[in-house]
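S.K.: Quick mapping for you: the protein sequence lines, in order, are chains G and E.
With the UniProt record's numbering applied, the first sequence corresponds to residues 1 to 537, in that order.
With the UniProt record's numbering applied, the second sequence corresponds to residues 1 to 537, in that order.
Hints are supplied without guarantee of correctness; some may be wrong.
Since the list can't tell identical chains apart, any single copy or any two copies may satisfy a pair.
Only pairs whose alpha carbons sit at most 30 Å apart, straight line, appear in this in silico DSSO-like list of lysine-lysine [claimed, not checked]:
{"hint": "1", "residue 1": "LYS114", "residue 2": "LYS129"}
{"hint": "2", "residue 1": "LYS57", "residue 2": "LYS438"}
{"hint": "3", "residue 1": "LYS481", "residue 2": "LYS463"}
{"hint": "4", "residue 1": "LYS93", "residue 2": "LYS357"}
{"hint": "5", "residue 1": "LYS93", "residue 2": "LYS354"}
{"hint": "6", "residue 1": "LYS92", "residue 2": "LYS357"}
{"hint": "7", "residue 1": "LYS155", "residue 2": "LYS179"}
{"hint": "8", "residue 1": "LYS57", "residue 2": "LYS166"}
Quick caveat, the hints were computed from the structure, so don't treat them as lab data.
The structure displayed is predicted, hence computed values, not measured ones.
There are 2 protein chains.
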Amino acid sequence: MGKEQQKQQNKEKKVAAQQQQQQNTGDEAGTKKQTRLGLDVTKTENYSEWYSQVIVKSELIEYYDVSGCYVIRPWAYSVWEHIQAFFDAEIKKLGVKNCYFPMFVSAAALEREKTHVADFAPEVAWVTKAGNSDLAVPIAIRPTSETVMYPTFAKWCKSHRDLPIKINQWCNVVRWEFKHPTPFLRTREFLWQEGHTAYATKEEAEEEVYDILNLYARVYTDLLAIPVVKGRKSEKEKFAGADFTTTVEAYVPVNGRGIQGGTSHHLGQNFSKMFNIEFDSLVKGQAEFVHQNSWGLSTRSIGAMVMIHGDDTGLVLPPRVADIQVVVIPVGITVKLSDEKRVELIEKSDALVKMLKEEHGVRAVLDQRDNVSPGWKFNHWELKGVPIRLELGPKDLAKEQALAVVRHSGQKVPLPLANLGESIKQLLDTIHAEMYKKVEQIRDEHMVICLDLEEMTPLLDKKCVILAPFCGRIECETSIKDFTVREEPADLGTAQMGAKTLCIPLEQPKDVQLPEQCINPRCSHKTQFFALFGRSY
Amino acid sequence: MGKEQQKQQNKEKKVAAQQQQQQNTGDEAGTKKQTRLGLDVTKTENYSEWYSQVIVKSELIEYYDVSGCYVIRPWAYSVWEHIQAFFDAEIKKLGVKNCYFPMFVSAAALEREKTHVADFAPEVAWVTKAGNSDLAVPIAIRPTSETVMYPTFAKWCKSHRDLPIKINQWCNVVRWEFKHPTPFLRTREFLWQEGHTAYATKEEAEEEVYDILNLYARVYTDLLAIPVVKGRKSEKEKFAGADFTTTVEAYVPVNGRGIQGGTSHHLGQNFSKMFNIEFDSLVKGQAEFVHQNSWGLSTRSIGAMVMIHGDDTGLVLPPRVADIQVVVIPVGITVKLSDEKRVELIEKSDALVKMLKEEHGVRAVLDQRDNVSPGWKFNHWELKGVPIRLELGPKDLAKEQALAVVRHSGQKVPLPLANLGESIKQLLDTIHAEMYKKVEQIRDEHMVICLDLEEMTPLLDKKCVILAPFCGRIECETSIKDFTVREEPADLGTAQMGAKTLCIPLEQPKDVQLPEQCINPRCSHKTQFFALFGRSY
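Bound-form chain G, shown alone (with noise of 0.2 Å):
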């Protein structure tokens, strides 16, 4: 960028924050109130503040009245319905249907399996009045739907013919938590996609729970730019009723943390034992209960995606989940400019954007509004987290170029517009890599394996997820929890939890031979493998 273009910038800078000042004053003009643009707080600094401003100031989300509950508006279901178009379709191919199962489900279905219902029992809404009458029993609303479908899956499954089955739904869910509620995070209601399957055998279920991790690994680091770590639960944090589950579980720089990106259950014969899915097993020469799976991600992987993402100046939109991911934004229209000029101007800014959404499938939009001036644009845009600015000004016009601005380093790239197309096409491309790349280069200075329980604390005060080696048992998953909380945060803003297994990596660490002496001291039993270890969302 040439020195006349930066001094133009900070020009408009300035005027807009001028604007703004304007705005914010206009109370006394009898206007209501403008919401200040940018963010009052840095990422490190007051990270839960900042996080509320980014998801308010972002417009990603409202506030609402219900406690626990939040408007998700538009800048952030587009997220949601780009994860939605590349996981309906992918899980299409495996030969997976969408349905609808009732959101209400009676107490006796709900109870029927034990392990499960003594998860979600504390948690589940109750609907006890319609109208003015009191209902005859009470009806829970669905915190999962296991209970809800499998009475329905013993119905359908008469023969081995009638197996797999495979649906899933797009749904929302409730689960009334008593803990703080934060955005996306925990929420009283959320939506989800839940996939509840039924096979004949053991080995065709357990092959499609790691098909679906891979597409749950895809959905992180295709479309959200997020690296992730394939993994088992432990016992203590597997799914309540599953043989076993699998997840992805993600890092969040800022703070160290983990947080759990979407889960794939095997759940054995627990379900269909209690609910009597059966069928004529064809090897067995008997009747067998079915093997089943069910798998959710839910809209929890929008709040992982700012955490990791966002920065100072807002959010930063990886460009595959961004509903607009280049703003075109004509620049230097001054008293100076011709008429013609710029009429000119803002033709072949309309044509730019006309040209990146019909040949080249570029989600872009011309912002022209002639109320707020460039600055002003740029703020609000960054602040959104749109990947690409495109800047057009006479003197880019009069050289055949538009200045591009990458949202998530800052970088200015001028491109020419001969090729225009092809080259912000590649430029995402880019961005998605790069935003990939910083993240796991964080995550992977902070994933250390460590062998003593007394170093772990400092380690995760230090931001890290921890490799130890681990017996796999509950008690002693407790005992390190234990061990590892802080009476006092060690430092502003870091947390006091202890640490909890995020996953056992299906990926073991390399060329470190696996200890016997769980990282417990006190525990006699012979570690299973390395668990990741950390502070957790």
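Dock chain E against the given chain G, drawing on the hints supplied.
M.R.: Frame of chain G, contents of chain E only:
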């Protein structure tokens, strides 16, 4: 079709019937009882039983243990997905964005608009408990989201520049009806989309009301092959809180009842005044309340499709919403057929399906099960309503043709293999047009003008919907309804309910002068229009 082929078919159907009989008595052999294929009743002899059987046996619906709630199986849900794909793309072209608001609403918000809440309150489900704790304040589940969304609209709407607001959500809603529930038509939970918009001017808002109404009409005419009458609802029938409601109304031939297909409401400033949704009007130079619309289309549309097109053989799917448009069934595989010929037949069938799918975008499948006869398959896919069955036998292969059998008409059309993709696509379009015409013709024959109240009930019993001069007043509509109620059904299976207005058709009868006297002879008010009266769902 040749005699030979006919004979073969009859034979195969006979074998299928025998197989089925065997399956039905399978209990003795220790296997579970198989649901009887095919319907036990005809549509005219016991319509309500017919409906229950069709939706279950064609695998659209599974019954559920919470009253008024049903499982929407993949076969039905895919119809909904086709409707979603069309409608979602169309509203996005209009600039509407998807979002998600909580399903819980506080009593305070719910009760803000009095007319509105009066209508919905008796059916509202209340959550009063979570886990074992009673909630401090009961929380309602949305019956519709005006009162959920509009407090937020007030936050979003600061200036004329924030308008229009155009959002939509695809979600579940709950109306705890105490009348007899019917799958798709009257259910306590159902799926729909609800659009909510706010404009600076009444004109813009009104224009959108009709844009959406036209899209709803297209869902019926272009996707579901169902003719509709577009109109306005009467004062009595309009949405609680709306200035006016527009609707598309379909006609159900079997019983002559009208069914509301989707409604698009102009809310005027009724809600904006209650929820304080204001903006600084440039035109008026002062604060003004926004002009609002809301509009919804639900899974009830699937019920209309079933009732209107289904026949004594089962479901009949309109091609554009059929998840399987063509089922290819190899036939004529007898013991005499050489292995080589058999393999050739299967391979050719498989290749046909691939070609139809990949080259022509036709949703085709091959049914190559070898445990059931072709005749059984014919029955199966007819019951499920697949628009075209494509039979391919050794003799067809020799003649380089396949036999298309059209579900809705039973028509048999030999099609040369040479140009099969194109001819199938044409045939699907023809089927759509024919299905539409068939219903339209019956509907038109039963839409009659009537000027005498005494004639109304006999006309209703003849399955008519009635265009009658009407003053438009609520009292008058109530009188007409009371007058047309029957103490006893005129005939087995006909309804006893009185007539209500389905709508005031936008297109009024041509060539007929509107009389000055309302259809109600006691009414002294001036007629306003012809209204369409009928028994209704």
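S.K.: If you check each hint against the structure, which ones fail?
M.R.: none
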